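Going line by line, the protein sequences match chains A and B.
All letters in the first sequence, in the order written, are residues 14 to 385 by my numbering.
All letters in the second sequence, in the order written, are residues -5 to 158 by my numbering.
Take these hints with a grain of salt, some might be off.
[Stated by the list, open to error] The calculated label-pair distances, taken between Cβ atoms and stated as ranges, are: (1) B:Ala24 <-> A:Gly347: 26 to 34 Å; (2) B:Arg148 <-> A:Glu108: 27 to 35 Å; (3) A:Ala364 <-> B:Met115: 19 to 27 Å; (4) A:Leu17 <-> B:Asn129: 29 to 37 Å; (5) B:Ala137 <-> A:Arg107: 50 to 58 Å; (6) A:Lys254 <-> B:Arg148: 42 to 50 Å; (7) B:Gly69 <-> A:Glu250: 36 to 44 Å; (8) B:Gln130 <-> A:Lys90: 27 to 35 Å; (9) A:Ile63 <-> B:Asp131: 45 to 53 Å; (10) A:Arg360 <-> B:Gln116: 34 to 42 Å; (11) B:Gly69 <-> A:Leu17: 39 to 47 Å; (12) B:Ala120 <-> A:Ala114: 54 to 62 Å; (13) B:Asn129 <-> A:Ser75: 41 to 49 Å.
[Said to hold, decoys possible] Partner residues are not named here, just some residues of chain B that face chain A (Cβ under 8 Å, in silico): (14) Cys68; (15) Gly79; (16) Gly109; (17) Gly122.
By construction, these hints were calculated from the structure, which means they are not laboratory data.
Since the structure is predicted, the reported quantities are computational estimates derived from the model, not experimental observations.
All residues carry an ideal CB built from backbone N, CA and C; glycine is no exception.
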Amino acid sequence: MSILDFLVPASEACLRSGPHDKIVLSSRVRLARNLRTVPFPSHSKKAERIKAFETLMPAVQSLSQLGDETFSESMDKLPALDKQVLVERHLISREHAAKNAGSGIVLNRQENVCVMVNEEDHLRMQALRPGLQLRQAWMAIDAVDTALQEKVEFAFTERYGFLTACPTNLGTGIRVSAMLHLPGLVLAEQINQIIQAVNKLGLAVRGLYGEGTEALGNVFQVSNQMTLGEPENDIVERINKVLLQIIEHEENARLSQMEKKPAVLLNHIGRAYGVLGNSWSISSKEAMNLISFLRLGVDLGVFGKTPKSLTDELFLRSQPAHLQLAHPLREKLGSDERDLFRAQMLRERTALIPKPDPQVLLGGRRDEGTPE
Amino acid sequence: MVCQFCKLKEATVHVTEIADNKVKKVDACAACAKEKNYNDPAAFAIADHLLGLGAAQKMEEASEAVGALSCDQCGYTQADFKKSGRLGCAHCYDIFSEGLDSVLKTMHKDIRHRGKVPAAMQKAVASGQRLQRLNQDLQVAIAQEDFESAARLRDEIKAFKASE
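Just chain B, with the same shape it has in the complex (with noise of 0.2 Å):
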C-alpha cells in the first residue's frame, strides 16, 4: 500500500479514527505520519482517554510549542506530561503554561478561574483584576485616541499602585 499522503514511499502507518460516527482510516509513510502527527498512536490513545476526544493533537502542538522543557523545582519534563498527561508539582504550571492553555481550552469552560479564592488570596486577586481592567481600558483609550479619558486611566492606575 502506497502512503495517501507523498503517494511514494510504502504506507507503514495505519490509523483508524472514528469521529461523529464516521471511520476515518489513514495509510501513511513513517515520515507523512509523523508530519500529520499521525507516529504515536500510544500517546494518542492515552490522552484521548483521559482529556476527550481532540485533545491528543492539542497536546501534541503544545510540546512542540515549549520544546523540551523540564521543572526546575520538580524535575518534571515535557515527555513526562505527554506521557501521563498529569502535572508534577504546583510549579509546573508557570513552567508549561504556554503549551498548556491550549490543552486546557479542550476541557474546560474558560481558561481563567472564576470559582473561589482562598481568603488570603482575596486582597491580591481583586486588586490584579482592578489593575487588569484598568490597563485594558486604557489601552482601548490610546487605540481610540480618547486622549482625555486615557489620561484619566493613567492617573487612576498610578493612584491605585501608590495606595498598595
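Okay, chain A solo, but in the shape it has when bound (with noise of 0.2 Å):
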C-alpha cells in the first residue's frame, strides 16, 4: 500500500479538533534515542546503519501502542512525492525525507504516532495531537518509549540520561512543541515582544517547518530547548502554561483589535476573500498569509457557520506536493503551473465560503453611535 492510500485526504485531516484549536493548531511531543552498540547514524557507515534499521524497524511494528494496522517503509522505496507529503503533514522531518536506503518510518493508522528510524538518532519517536494536547501527547509517546525499552537497548547513562547525536538533545531527548496560528499579536505588532519572552523562558520560536524556517501564515512554532536537567513532565508543564499565557495574549490582541480597529481587521479578511475567491495565479506564500486571514474571519464569526476545517484545508492543500497530488496528471508541476492550479483550487474552495459579514464586527460599534 502506497502512503498516499494510508493517509487520509487533507478534508479528513483537517477535521480533527482539539481544545484551544482557534490558536493552537497542533501539539506534539518528540524523544530521541539511540541504540547503544551502533554509532550513530550520522557517523556510521552504511553496514551500521542497517543493522540499527534492521533491529529497530521490526521492534517498532511489533508495539501494541501503535495498534494493528500500520505503515511501515525504508525511505528510499518512497518517491519524492509521498516523502513532500508527509513532511507537509508533518509527520517527518525535511531532514528525514531527505535519507534514503537505511532509513524508515513507522505511522499508525491514527496518524498521530510517526516512528523516524536512522534520523540524526537512531529514533524519533512523536505523538502528535490536534489543539492543546501537550500531556496527552507526552503519555502517549512515552507509552510507546517503555514499550520499546523492553525490545531493544538504548544508550543511557546515570549521569547523562539518554544518550543523543547532538549534546543540545541529551538526558530526556525530549522536544516538546506546538503550533500557533498568532494574526491578533501580528495586527498589533506585539508579536516580537512575545517571541522575546517567550525566548527569555529558554524556549524557542520558529517557523511552519520548524528550524531555520520562516513564519507564514502567522503560524508560529514554541518548542522547548533544555532536554537536560529537568525531568520531561516540568518541560511539558512549563510549556503548558506558557502556551495558556499566549492564547491569552492573541485572545486579548483579536478583541482590542476588534474593539478599536475593525475597519482594519475587516479589511483585512475582505481583501484576504477578495484575492482568494478571484486569483489566476498566486504563491504559496502569499496564499498562506490570505488564508491566515480567512481562518481569522472565520474564527471571529464574520463567515457564518464555515467550519474552520474549511480554511485549515486550504492551508494544506495550498503546499506543493499536496497540490501536485491533486491535480488530475499528478505530473510534476512547474512553479508557474503550481501557481495558476493553487489558484484555482482556492477560487473554487473560496466560492463555497459566504461573503464576510461586516456587521458582526461593526455591529456592536454602531449601536453605540446610534442616538437612543
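With the hints as a guide, bring both chains together as one complex.
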C-alpha cells in the first residue's frame, strides 16, 4: 500500500479538533533515542545503519501501542512526492525526507504516532494531537518508549540520561512543541515582544516547518530548547503554562483589534476573501498569508457557519506536494503551473464560503453611536 | 591597521560581534587572534548557530582541555566534534566528558539527567544515587569533625555495599 492511500484525505485530516484549536493548531512531543552498541546515524557506516534499521523497524512495528494497522517503509522506497506529503502533514522532518536506504518510517492508523528510524538519531519518535494536548501527547509517546525499551537497549548513562548525536538533545531527548496561529498578535505588532519573552524562558519560536523556516501565514512553533537537568513532566508543564499565556494574549489582541480597529480587521479579512476568490495565479507564500486572515474571519464569526476545517484544508492543499497530488495528471508541476493550479483550487473552494458579514464586527460599534 | 591587542603587527583578522544589541569590532593580528580565540570564524559561526551564542568559545576551551582525543570505539575525533557539534557514538560521551560539561552548561538547565530512567536501569540508578548521597554526607561529617555521624555513615555505606 502506498502512503498516499494510507493517509486520510486533506479534508478529513483537517476535521480533527482539540482544546483551544482556534489558536493552537497542533501539539507534538518527540523523543530522541539511540541504540547502545551502534554508532549514531550521522557517523555510522552503511552496514551499521542497516543493522540499526533491521533491529529497530520490526521492534517498532510489533508495538501494540501503535495498533494493528501501521504503515512502514524504507525511505528509499518512497517517491519524492510521497515524502514531501509527509513533511507537509508534519509527520516527518525535512531532514528525514532527504534520507534513503537505511532510514525508515513507521506510522500508525490514526496518524498520531510517527517513528523515524535513522534520522539524526537512531530513533525520533513523535506523538501528535490536535489543539493544545501536550500532556496527552507526552503520555502517548512515553508509553511507546517504555514498551520499546523491553525490546531494545538504548544508550543511557546515569549522568547524562539518554545519549543523542547532538548534545542539545541530551538527557530526556524530548522536544515538546505546539503550532500556534497568531494573527492577532501580528496585527497588533506585539508578536516580537511575545517572541522575546518566550525566548527568555528558554523556549524557541520558529516557523511552520521547524528549525530555520519562515513564519508563513502567522503560524509559529514554540518548543523547549533544554533537555537535560529537568524531568519530562516539568518541561511539558512549563510549556503548557507558557502556551496558555500566549493564548490569552492572542485572544486579548483579537478583542482589542475588534473593539478599536474593526475596519482594519475587516479590510484584511475582506481583501483576503477577495483575492483568494478571484486570483488566477498565486504563490504559496501569498496564499498562506491570506488564508490566515480567512481563518481569523472564521474564528470571529464573519463567515457565518463556515467551519475552520475548511480554511485549514485550504492551507494544507496550497502546499506544493498536496497541489501536485490533487492535479489530474499528478505530474510534477513547474512553479508557474503550480501557482495557476493553486489559484484555481482556491477560487473553487472560496466560492463555497459566504461573503464576509461586516455587521459581526461593526454591529456593536454602530449601536454605541446610535442616539437613543 | 594595527592590531588592537599588541599594537605592533598588522591586523589581519577582523571580527564584528553583535551581543546584547551592541556591536563589538575586533581587529587583531594572526597571533593575538589565536590567543583570544578569534582565529577560526567558521567554526565559531557554526557552533554559535547550533548551540547558541557563547557556545563557540566554551567549545574551544573544551577542546583545549581534552587535547587531541579520539573515541576508541567509533574513531570520532575532537576535530569532528568541533566541526559538527555532534558526537559519534554512545561511548564518545565517556571519552569527551571532561570538556563536554562546560558546553552542556551553556545549553541546558543542569548537567545531570533528572528525567526518565529505563526500567532495567532503575535499580542501579537508585542505588548509585543513594551511595553518592551517603558518601557526600560522610565527607560533610568528616569536614565538620562530627566523627560520631561519620562512623555511623561509614557503617551504613559498608552495609549498603554488602547488600547490593
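Exercise. Do the Cβ positions of Ile63 (chain A) and Asp131 (chain B) conform to the proposed distance bound of 45 to 53 Å?
Worked result: holds, 50 Å
For this session: Look at the Cβ atoms of Gly69 (chain B) and Glu250 (chain A) and judge whether their distance stays inside 36 to 44 Å.
Result: Holds, since Gly69 (chain B) and Glu250 (chain A) (Cβ atoms, about 41 Å apart) stay within the stated range.
Exercise. Under the criterion of a CB-CB separation shorter than 8 Å, is Gly109 (chain B) in contact with chain A as hinted?
Worked result: holds, 4 Å
Problem set entry | Arg148 (chain B) paired with Glu108 (chain A), Cβ distance criterion 27 to 35 Å | Taking Cβ atoms as reference, Arg148 (chain B) and Glu108 (chain A) lie about 53 Å apart, which means the hint is violated.
Exercise. Does 42 to 50 Å hold as the CB distance between Lys254 (chain A) and Arg148 (chain B), or does it fail?
Worked result: holds, 45 Å
Exercise. Okay, Gln130 (chain B) versus Lys90 (chain A) on CB: inside 27 to 35 Å?
Worked result: violated, 54 Å
Problem set entry | Pairwise beta carbon distance, Gly69 (chain B) to Leu17 (chain A), judged against the given window 39 to 47 Å | holds, 41 Å
Exercise. Does the Cβ pair Arg360 (chain A), Gln116 (chain B) satisfy 34 to 42 Å?
Worked result: At roughly 60 Å between Cβ atoms, Gln116 (chain B) and Arg360 (chain A) fall outside 34 to 42 Å, so the hint is violated.
For this session: State, for the Cβ atoms of Ala364 (chain A) and Met115 (chain B), whether the hinted interval 19 to 27 Å holds or is violated.
Result: Check failed, 60 Å falls outside 19 to 27 Å.
For this session: For the range 54 to 62 Å, tell me whether the beta carbons of Ala120 (chain B) and Ala114 (chain A) fit it or not.
Result: violated, 42 Å
For this session: Hint says 50 to 58 Å; check whether the CB-CB distance for Ala137 (chain B) and Arg107 (chain A) agrees.
Result: At 55 Å between Cβs, range holds.
Exercise. Cβ-Cβ distance between Leu17 (chain A) and Asn129 (chain B): within 29 to 37 Å?
Worked result: Since Leu17 (chain A) and Asn129 (chain B) have Cβ atoms about 59 Å apart, the given range 29 to 37 Å is violated.
In this structure, the hints that do not hold are numbers 1, 2, 3, 4, 8, 10 and 12, in rising order.
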